[in-house]
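**Q** Grab the two chains, each in its own frame, and use the hints to assemble them into the complex.
Just so you know, the sequences run in chain order A and B.
Read left to right, the first sequence gives residues 1 to 208 (my numbering).
Read left to right, the second sequence gives residues 1 to 222 (my numbering).
Just so you know, not all the hints are guaranteed correct.
[Said to hold, decoys possible] Short, incomplete list of chain A residues facing chain B, as computed with Cβ under 10 Å:
| no. | residue |
| --- | --- |
| 1 | 20 |
| 2 | 68 |
| 3 | 91 |
| 4 | 95 |
| 5 | 208 |
Hints in this document: simulated from the structure, not taken from any laboratory.
For clarity, every value in this text was computed on a predicted model and none was experimentally measured.
Where is the CB? At the ideal position from N, CA and C, for every residue including glycine.
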Amino acid sequence: MAFSKEDMARRAAAEIPEGSIVNLGIGLPTLCADYLPEGHAYLHSENGLLGMGPFPYEGEEDPQLINAGKQTVTVLPGGSTFDSAQSFAMIRGGHVDLAILGAMQVSARGDLANWAVPGGKVMGIGGAMDLASGCRRVIALMQHATKDGEHKLVATCTYPLTATGAVSRVITELGVFDPTPDGCFRVVELAPGVELATVARLTGAPLI
Amino acid sequence: MTGRHHHKVRDSVAAALDGLESGMTVMVGGFGLCGNAEALIRGVIDRGVKDLTLVSNNAGNLGKGLATWLRADIVKKVVCSYLGTNEDLHSRMASGAIAVEVTPQGTLAERMRAAGAGIAAFFTPTGVGTVVEQGKEKRTIDGRDYLLEKALPADFALIRARTVDRFGNLRFYRTARNFSPIMATAARTTVVEADHLVEVGAIDPDDVHLSGLYVHRIVHVP
Numbered sequence: 001m002a003f004s005k006e007d008m009a010r011r012a013a014a015e016i017p018e019g020s021i022v023n024l025g026i027g028l029p030t031l032c033a034d035y036l037p038e039g040h041a042y043l044h045s046e047n048g049l050l051g052m053g054p055f056p057y058e059g060e061e062d063p064q065l066i067n068a069g070k071q072t073v074t075v076l077p078g079g080s081t082f083d084s085a086q087s088f089a090m091i092r093g094g095h096v097d098l099a100i101l102g103a104m105q106v107s108a109r110g111d112l113a114n115w116a117v118p119g120g121k122v123m124g125i126g127g128a129m130d131l132a133s134g135c136r137r138v139i140a141l142m143q144h145a146t147k148d149g150e151h152k153l154v155a156t157c158t159y160p161l162t163a164t165g166a167v168s169r170v171i172t173e174l175g176v177f178d179p180t181p182d183g184c185f186r187v188v189e190l191a192p193g194v195e196l197a198t199v200a201r202l203t204g205a206p207l208i
Numbered sequence: 001m002t003g004r005h006h007h008k009v010r011d012s013v014a015a016a017l018d019g020l021e022s023g024m025t026v027m028v029g030g031f032g033l034c035g036n037a038e039a040l041i042r043g044v045i046d047r048g049v050k051d052l053t054l055v056s057n058n059a060g061n062l063g064k065g066l067a068t069w070l071r072a073d074i075v076k077k078v079v080c081s082y083l084g085t086n087e088d089l090h091s092r093m094a095s096g097a098i099a100v101e102v103t104p105q106g107t108l109a110e111r112m113r114a115a116g117a118g119i120a121a122f123f124t125p126t127g128v129g130t131v132v133e134q135g136k137e138k139r140t141i142d143g144r145d146y147l148l149e150k151a152l153p154a155d156f157a158l159i160r161a162r163t164v165d166r167f168g169n170l171r172f173y174r175t176a177r178n179f180s181p182i183m184a185t186a187a188r189t190t191v192v193e194a195d196h197l198v199e200v201g202a203i204d205p206d207d208v209h210l211s212g213l214y215v216h217r218i219v220h221v222p
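Pulled out of the complex, with its shape left as it was, chain B reads as follows (with noise of 0.2 Å):
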């Protein structure tokens, strides 16, 4: 009987995708293209998977990253929190060939690590008195108002990460780390691209960003 977490570093990018099938909710690190799992974005292409929900701040940009998944038609319905100049997104959502729903970034942050966390929802002021309120229960706790927003959990997250030793504990490098860890907490199954694999104990337990334990598999894409 072996655990969640024996021999986690798959072979290929095919190998680390493994029951990642149509119609799941999948996350994928990244801030625009900054910190994308390029590989692993490709691989699910690949995969031949379709009617995914795909929770990403950006979804993409510029036909790149993300983008190339709404250009292959595999994604129902996207949660993120900025649209800006990603064409390929505008025109989906205008044609309704996906559903979008647009969160503000902090809540769509905070919905991912209460999900992780095992909080079910939370109380947020962000949004009150804007169309973000609509649906959803408002409540005065000290004299201010806050909105109550659940918890985001997904079924893969797919995140990119500097160094990775064999267990999973890992490093991100500069601002490539945004979503990517709150996401590997939140996901069932986190698959993590790694530009350097080492050895464990290669890196010092007090230098660890996120520990091995939301991570399920790993890929070396140097």
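Next comes chain A alone, as it looks inside the complex (with noise of 0.2 Å):
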């Protein structure tokens, strides 16, 4: 069975407090949004937004209004505006209090690496880095594991760091999993019908 793509991001928006302060990484993070209630959160977007709405309909489009995806967005009322400094200046000084990032791999310490591939191009760090290291909880959504079975949740990192003990939790399409300072991942919860034995197979630390 497994998690699905929406099943994911409905899992990791259940972690998001009401009122709370979130950034939403590039890619399947920004599914999250479509699983909150109206005013349950308020999203920030390191460009400079904080009270980021839904994607515009076709028509209404602001190209001097987008996401840090590049992607056009709206604002929701009670909404704000702000420069790059000041937008690193939440992240760094504690005050966005989630972020739900993608990763390409988990350490069982939690470290994160999410911004380079070994030998590949070299796509920047972006604002990786900070939110990685600045946002005072940090959730990786991210398949368990790549197409060819190679781990994604390791030991010990082997793609360039991101932050370092930065991931508190880790939700795949396997389930939900916790790195621990003794490096093994803690299961928090398995997904319909996900043996933890597939899980073991899976996940290059030990799971307790």
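**A** Structure below.
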């Protein structure tokens, strides 16, 4: 069975406390917004926007109102705009309660690798390192393993790091797992129909 | 004798870019193509300068915006946070034609803010334990590790604003603001491309996003 992408986004959205400030990363994390009740949380976009609304209707796009993925968005009543130094002061200063980010690898101690593939094209760092080290809580929303079955939840990251000890929870199609200081992933929840043995085979670190 | 804040409005892009020479460091506002000073970007190419160090979050995208500078071969170095799908930059970085310094976005912004605020360097937790810490001083303060990052000044900042008065007090629009106001503080000469030019007093003092103190030249590009 496992979680679908929509299930993963819904499960991650359930981690967002009412009345919190949240930054959703590019890609799958962006979908979490679809599962938040209206007015539940305030979405922060690091290019300088708080109170980000849904994507605009066709014909109502404003090229000067975008998210960090450079997609046109909307701003909700009560929203605000600010410059990049202010936006990252919010992040580094611990004013953003939660970041839900995509990941290439997460280690069992919570190290995050999500900005570069070894030997691959350098896409750049963007806001990834500031978000990972600055937000009060970081959740990784990711596929559990590569298409070839290579581990992405690992004992030690082999990809270039974004931040160390940053991730407190990992949500994949197989379930919900928490890195621990002991270097094990704690199994919080398994997706419907998923066997622990399957998770163990697809995880590169011990489970507890 | 006139000060730097006497008669800032120029009647052409060319006049507004006077003094921008080859080899200079130029900051250009924008997040991707959002908030670019498009007329000033074209004007720099028309000026015929080269060997620029370009400081910008993305250095253009999809062949547009600052990617036109890359295609015109007038840039020797780029300081940015993200290349993404900017193939013009990827190819020139791979060939060695352009040196690229990739910086975390918040560090890039704060380096500009520091330059504009008279701060020589600052300690940030961003990048600790990553490739970003290579060659930088690391210090433990109150039990947490930080990297020393230096201020980033520039010769020119080229920015765009929605509403600008003749002194340079200005307001931005939506997420077009991004790096522009901090770049304005970090540059010796700041040039603003104004969507709307208004008389002094038309913007309420409490509604000014960036004080005209940081603006040296204005060109109205309706």
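**Q** Decide, hint by hint, whether the structure agrees.
**A** Results of checking the hints against the structure:
1. Residue-level restraint check for residue 20 of chain A is violated (minimum Cβ-Cβ distance to chain B is 20 Å; threshold 10 Å).
2. Hint status for residue 68 of chain A relative to chain B: holds, with the closest Cβ pair at about 8 Å, below 10 Å.
3. For residue 91 of chain A, the interface hint holds, since its Cβ comes within 10 Å of a Cβ in chain B; the closest pair sits about 6 Å apart.
4. The criterion of a C-beta within 10 Å of any C-beta in chain B is not met by residue 95 of chain A, whose closest approach is roughly 13 Å, and the hint is violated.
5. Taking 10 Å as the C-beta contact cut-off toward chain B, the hint placing residue 208 of chain A at the interface is violated, the least distance being around 25 Å.
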